[in-house]
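As you go down the protein sequences, you meet chains P and V in turn. If you're matching positions, the first sequence starts at 170 in our numbering and goes up one per residue. If you're matching positions, the second sequence starts at 170 in our numbering and goes up one per residue.
Just so you know, not all the hints are guaranteed correct.
Copies of one chain are not kept apart here, so a pair can be met inside one copy or by any two copies together.
Cross-link-like lysine-lysine pairs, in silico, BS3-like; alpha carbons within 30 angstroms at most [unchecked claim]:
no. : residue 1 : residue 2
1   : K335      : K202
2   : K414      : K335
3   : K402      : K275
4   : K414      : K273
5   : K335      : K402
6   : K273      : K234
7   : K202      : K275
8   : K335      : K203
9   : K335      : K267
10  : K245      : K414
11  : K414      : K267
12  : K275      : K237
13  : K307      : K273
14  : K234      : K335
15  : K414      : K234
16  : K335      : K275
17  : K245      : K234
18  : K237      : K273
19  : K307      : K245
20  : K202      : K402
21  : K335      : K273
22  : K307      : K202
23  : K402      : K307
24  : K275      : K414
Keep in mind the hints are simulated off the structure, nothing from the lab.
One-letter residues, chain by chain:
Number of protein chains: 2
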Amino acid sequence: MNDNQIHVIPLRDFPIVQTGDDISGLIESAIRKKSIDLIQGDIIVVTHAIVSIAEGKLYHLEELKVSKRAEEIAEKIGHSPERVEVALREASEVLREKPVLITKTKHGIITDFSGVDESNAPQDTLLALPENPDASAKRISDSLSNSLGFDIPVIITDTQGRPWRKGAVNLAIGVAGMSPFIHNIGREDLYGHKLRGSLVCLADQIAGSAELVMGQADEGIPVVIVRGVDFNKEDGTASQIIRSKSDDLFS
Amino acid sequence: MNDNQIHVIPLRDFPIVQTGDDISGLIESAIRKKSIDLIQGDIIVVTHAIVSIAEGKLYHLEELKVSKRAEEIAEKIGHSPERVEVALREASEVLREKPVLITKTKHGIITDFSGVDESNAPQDTLLALPENPDASAKRISDSLSNSLGFDIPVIITDTQGRPWRKGAVNLAIGVAGMSPFIHNIGREDLYGHKLRGSLVCLADQIAGSAELVMGQADEGIPVVIVRGVDFNKEDGTASQIIRSKSDDLFS
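Construct the entire structure; sequences and hints are all you get.
As structure tokens, this is what we get:
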């Protein structure tokens, strides 16, 4: 029964992260404390919240000057002016203001409130997405790989709403040490026919599988180990997942 | 290390499915052959392909009369007229014709070619989505639950492209025996604050985690067991996941 299973392993009792903390160091010591042996092929999935906190990507409410525009939008949609203000600062483009503020972030991600949230934010702050989640993933991956002696891919995630489908899902916003995709070119279907080239977003599916333990614990689980996935080691990024406007088949 | 892990278990050596076959019976005997003991809390994930085949939701190419409109669209986008024809028959609305035919299916799902595909289709046929995937999931779930003596939720999936993000992901198109969602109301964040009500689409994340073994085997793996997910047993459907147009925050 054990052949080719995938295991999604929560890393429990992760410490509260402070700005300035070294995330890869915290992951290493948490893994050591739990006597978990990482093995080649393991992927580390990290919620962006602890990365943003460690990197200081948060806004202190008392220092925040709310613009007139943010106040107007907040009033119109019945929402916190501070969150709207930070969302506007983090946005490269505002796509719609109501019923919910939808923006494109500087990373090209289209989501509500630019991914800015008070959940998992330290008292009296708002958390934004990391400045460069691919670079953050690479730093964590390089550091873990160095001390373990083999390569450990890292995926940084955010739980986001979607067009057409209710309920948020966890998505990859930073990737290092693996391709975010798998090409099914050359694989065979149920009938032994070669599949035409279909591109699957492995990184988003791994992010979603990690959320199944991240979100459901009584305490927060910011780091998850996903074991047994057959991925392509070629170096990739989450920015490869973002479609350019001209390339978007749907919208 | 075993606490609260999630296991994604491929059901290997599943037989080739024929129209008229009883999917739940095939699942039961495949599980018996592999000496897998299903336990309470297990979720069975089934690719729609074998459900469509069993239910005869396929179009034989030689009997297919291609309409003028299908021929015109196929010519314009350089695609098979037969696939366009079947996609149009399965659509309730055509959203765009090029560069790829995007439709809304009768189920309300927005996807390319109405989910019609030649992958995993028997020779000289095209596979469509099941007529009523929620009802199919319920039939399989009821039958498995009956013979096992405890409730087994079932999720029927399809791998679909998305707006704004490259790479298809596996999504829930039929659900039975569980709510497709989990509400994080009342749960606590990393700081012990109660989370505001956030709705997470558990079923899509489970579908995605199953694809990590479904798509990657050398042979096709049409059935996967997902073990260890904390879900809400209240009876739900995949049609609950579909947003109404007026409710859509993004598009």
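How the hints compare with the structure:
1. K335 to K202: Neither. Shortest intra-copy (38 angstroms) and inter-copy (38 angstroms) distances fail the 30 angstroms Cα cut-off.
2. K414 to K335: For K414 and K335, the Cα distance is within 30 angstroms both inside one copy (23 angstroms) and across copies (12 angstroms).
3. K402 to K275: Classified as within; 27 angstroms inside a copy, 40 angstroms across copies.
4. K414 to K273: both (11 angstroms within a copy, 21 angstroms between copies)
5. K335 to K402: between (33 angstroms within a copy, 19 angstroms between copies)
6. K273 to K234: within (22 angstroms within a copy, 44 angstroms between copies)
7. K202 to K275: Close neither inside one copy (37 angstroms) nor across copies (52 angstroms); limit 30 angstroms.
8. K335 to K203: neither (36 angstroms within a copy, 36 angstroms between copies)
9. K335 to K267: both (17 angstroms within a copy, 26 angstroms between copies)
10. K245 to K414: both (28 angstroms within a copy, 21 angstroms between copies)
11. K414 to K267: Classified as both; 22 angstroms inside a copy, 14 angstroms across copies.
12. K275 to K237: within (22 angstroms within a copy, 45 angstroms between copies)
13. K307 to K273: For K307 and K273, the Cα distance is within 30 angstroms only inside one copy (23 angstroms; across copies 39 angstroms).
14. K234 to K335: For K234 and K335, the Cα distance exceeds 30 angstroms both inside one copy (33 angstroms) and across copies (37 angstroms).
15. K414 to K234: So K414 and K234 fail the 30 angstroms test inside a copy (33 angstroms) and across (36 angstroms) alike.
16. K335 to K275: Answer is both; intra-copy 25 angstroms and inter-copy 18 angstroms each pass.
17. K245 to K234: Classified as within: same-chain Cα gap 19 angstroms, cross-chain 53 angstroms, threshold 30 angstroms.
18. K237 to K273: within (20 angstroms within a copy, 40 angstroms between copies)
19. K307 to K245: neither (40 angstroms within a copy, 43 angstroms between copies)
20. K202 to K402: within (28 angstroms within a copy, 35 angstroms between copies)
21. K335 to K273: Both: 20 angstroms inside a copy, 16 angstroms across copies.
22. K307 to K202: within (24 angstroms within a copy, 44 angstroms between copies)
23. K402 to K307: within (13 angstroms within a copy, 39 angstroms between copies)
24. K275 to K414: Intra 14 angstroms, inter 28 angstroms, cutoff 30 angstroms: intra and inter.
Figure legend: structure checked against the earlier numbered hints; hints not met, in rising order: 1, 7, 8, 14, 15 and 19.
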